Amino acid sequence: MRGRLEPAAFGRRLATLLVIAAAILQASCAPKTQDAVVVASVSDVSSLDPHLLDNNHPTGSLIWSLFDSLVRRGPDGADLPRLATSWERSDPLTWRFHLRPGVKFQDGSPVTAEDVKFSFDRMNKPPFNTLQQLWAQTTLKEVRVVDAQTVELQTAQPSVTMLYWLEEAFIAPKAYYSAHDAAYLNSHPLGSGPYSLVEWVPGDHVTLTANPTYFGGAPAIKNVIFKVVPDASARLNGLTTGDIDLALELPPDMISQAKTAHSRPVEILGLRKLHFGISQNAKLTALRDPRVRQAMNYAVDVAGMIKTLMHGSTVPLTSVVNPPNADPNLTPYGYHPDKARALLAAAGYPQGFDLDIDFTPFWGQDKDVSETVAGYLNAVGIRTHLHADEWNDFRRKLSDQSFDGIFYAGWAALINPSVELVIFTCKQEDNASGYCDPKFDDLVHRANTEFDVDKRKALLDAAQEIAWNDAYWIFLWRAPVYAGLSDRIDYQLRPDDYVEIYLAKPRH
Amino acid sequence: MFGFTVGKLLRASTVLLGVSFLAFIIGHASGDPVLLLVRGDATAEQKAELRHSLGLDRPVLAQYVDYLGHALHGDLGVSYRQHVGVAGLIRSRLPNSLELAGAAFAAATLLGFALGVLAALYRDRWIDHVVAALSVLGQVVPGFWLGLMLVLLFAVHWRALPVSGSGGIAYLVLPALTLALPTMGRMARLVRAGMLEALGSDYIRTARAKGLGESEILLRHAAPNASLPLVTQAGLEFGDMVGSAFIIESVFAWPGLGRLTVNAVLQRDFLVVQGCVLVIAVAFVTINLLVDLAYAWIDPRVRAR
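First to last, the sequence lines map onto chains U and S.
For the first sequence, the positions run -14 to 493 when the working numbering is used.
For the second sequence, the positions run 50 to 354 when the working numbering is used.
Hints may contain errors.
[What the hints assert, rightly or not] Lysine-lysine pairs mimicking DSS-like chemistry, simulated, CA-CA at most 25 Å apart:
hint : chain 1 : residue 1 : chain 2 : residue 2
1    : S       : Lys96     : U       : Lys126
2    : S       : Lys96     : U       : Lys382
3    : U       : Lys412    : S       : Lys96
[To be verified] So, partial list: chain S residues that the calculated Cβ filter (under 7 Å) puts toward chain U:
hint : residue
4    : Leu99
5    : Leu197
6    : Val212
7    : Pro304
No lab work stands behind these hints, which were simulated from the structure alone.
Predicted model, so just to flag it, every value in this text is computed and none were measured.
Glycine included, C-beta positions come from ideal geometry on N, C-alpha and C.
Take the sequences, apply the hints, and build the full model.
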């Protein structure tokens, strides 16, 4: 009988079809091409325009790969030559930079002082000036072309942070960046950096290939793919299967899983300083009394929390400034609940007071840390009330200085004492707790214009001592940076989250 | 039929207008994007300048009318974050989403149909129980977890498929399967019920009496009747898939519309959010419109209602 099909036969045919489908799928899995090094991050770059750089990673890492700045920031904060081979100050307001001879952009045109002037001027125009701080922070007034290889920067006030900000100011060719529109330049970068762009598939990956004519020599790793893998377990899985060589931004409780047959976990001390900000604008006047703030520091067992919550992989803060610029005379408060109670009583709060604690997921482990700290504060008589904030709401309170009590936050993944200390200067945008101490301000501002190394250090140390002894924060620890690295490459992570992939080396 | 169609179209455009307005208002109510755009140390003047250059200092209603006018011409504005046109961003992601949704939908329908038929044929036998278990499992297990388990098994343990990302067909299998399973389960149950009802009905008995082959009875008589409810279900399932895709695309790093939307929400890039919501709403409304029209066309009783 034509087409007769018993139910059993129907099942068998279906099974056959499924097997065939599976075989086709298996065949369509191309063998892994493993010549490129794959870096996996949570998010995609926002733009490949060097002057729209908005974060250290991933956008910053890509810009560092495609472009050069005049000065390179070493992982320890040192100012190193890059496109500029040397620099000097002809007077306190004038900086002179000498460009490296013979450097070419990737289209073959030479890098000249004109390109430097064009790039810096471009950074001072909207929309770039909303993201780039070079002009605002250094009081830069004018960029002058002295000759093809020399450029002069004129500032309104002496600026010790000039080199710091130049390290984030990238040089783009004037001809190319004047000839194309914003949308095109957004995805068609042209620089002089160690890598050039092969393709950017937004939301998925950016592929780079080594620049054979790079002034520092072509990078050891020829092809690099920056891949977007939002899910942490997916990044770990990729590390396990060998699809990913550098899995970034792993949460602390997953880091041990990065140890597989052909990959290893890496962790370094980051630069972001975790703390509780103490609002000075709150109705709660207790927070304006230094004794109360010191009491809160004595009440919290930071070393104990590092052991239990941070797997012992970080150290307590000793200043609002990162080493090596931290004042060496400062030491952690330590866990002394009795001192805390005594200080509270001396300040007139023997019965404690009610305290709001705000936190948001942005800095990680927000809930665990906040609840633990709340527990310690309760133990010395402060009655805490925890509030989990949505990030935008939290960000608004940071900006408005409108917290009602204390808030869990991280500050400044950078090494520059002047930039780090601005957080407590009057009317500064980042000053979320609303401190305003003219004495502190004076020290920071004088340090900012003091070129003498020793005098400057004395000013910075004095400012650090005020912030530390008056307990401007509840000081916690430096955020560790966790990643997983495949055994195919060697790479030294930077504490500031930038990835300089051109420094990675294949392992033999 | 004409009046019915016009009525449905009017209703659909009202829904879209409402959605666009809500998306716009919610975006504006959720906070100040300027704060999230500038670096932490930007000055108040810089913020004001940026706010002005983005047109965010104008009355909200004026901004909305402007937005709507441009949207009708296909211009959805410029992303605050990525500095490129929203329409272009969506165009670059839409094919990926359609690919994923299409594959998932095809897999769900075909597998659901096959399993439903099998379950009905082998009613109360082990195969029926397996299908029932699968359907329930597909619906109760959260998509992100199922996705991770499939990855562990197929990609990490057996190395048969890639972990995540996009590229060839191999990349499509796991996300599509994860997205398909809940729908497949519902489809299978629906088809099974329909088949059982059909197989017990008079016209099947007549067909058997005529001496038709079992496969012909199944495929020509029972199956078409049993699959009618699938048309309605298809429209409903689409909405479900859009919802799951938001999570699945993140788990598998699939560069689709869902990821674009989620990232835009996290970054307060709300012109992108509005654009995505609008496009998804248009797709949703269009599919439901087509389902309604198809149903009315198939079944005249609906038109009279």
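Here is what the structure says about each hint:
1. For the suggested pair Lys96 of chain S and Lys126 of chain U, the alpha carbons sit about 21 Å apart, so the restraint of at most 25 Å is met.
2. The straight-line distance between the Cα atoms of Lys96 of chain S and Lys382 of chain U is roughly 16 Å, inside the 25 Å bound, and the hint therefore holds.
3. Among the hinted pairs, Lys412 of chain U with Lys96 of chain S is consistent with the structure: their alpha-carbon atoms are about 15 Å apart, no more than 25 Å.
4. At about 5 Å, the closest approach between the beta carbon of Leu99 of chain S and any beta carbon in chain U falls short of 7 Å, and the interface hint on this residue holds.
5. Given hint, Leu197 of chain S at the interface with chain U, holds; its Cβ is 6 Å from that chain's nearest Cβ, closer than 7 Å.
6. Residue-level restraint check for Val212 of chain S holds (minimum Cβ-Cβ distance to chain U is 5 Å; threshold 7 Å).
7. Using the Cβ-Cβ criterion of 7 Å, the hint placing Pro304 of chain S at the interface with chain U is satisfied: the shortest such distance is roughly 4 Å.
In this structure, every one of the numbered hints holds.
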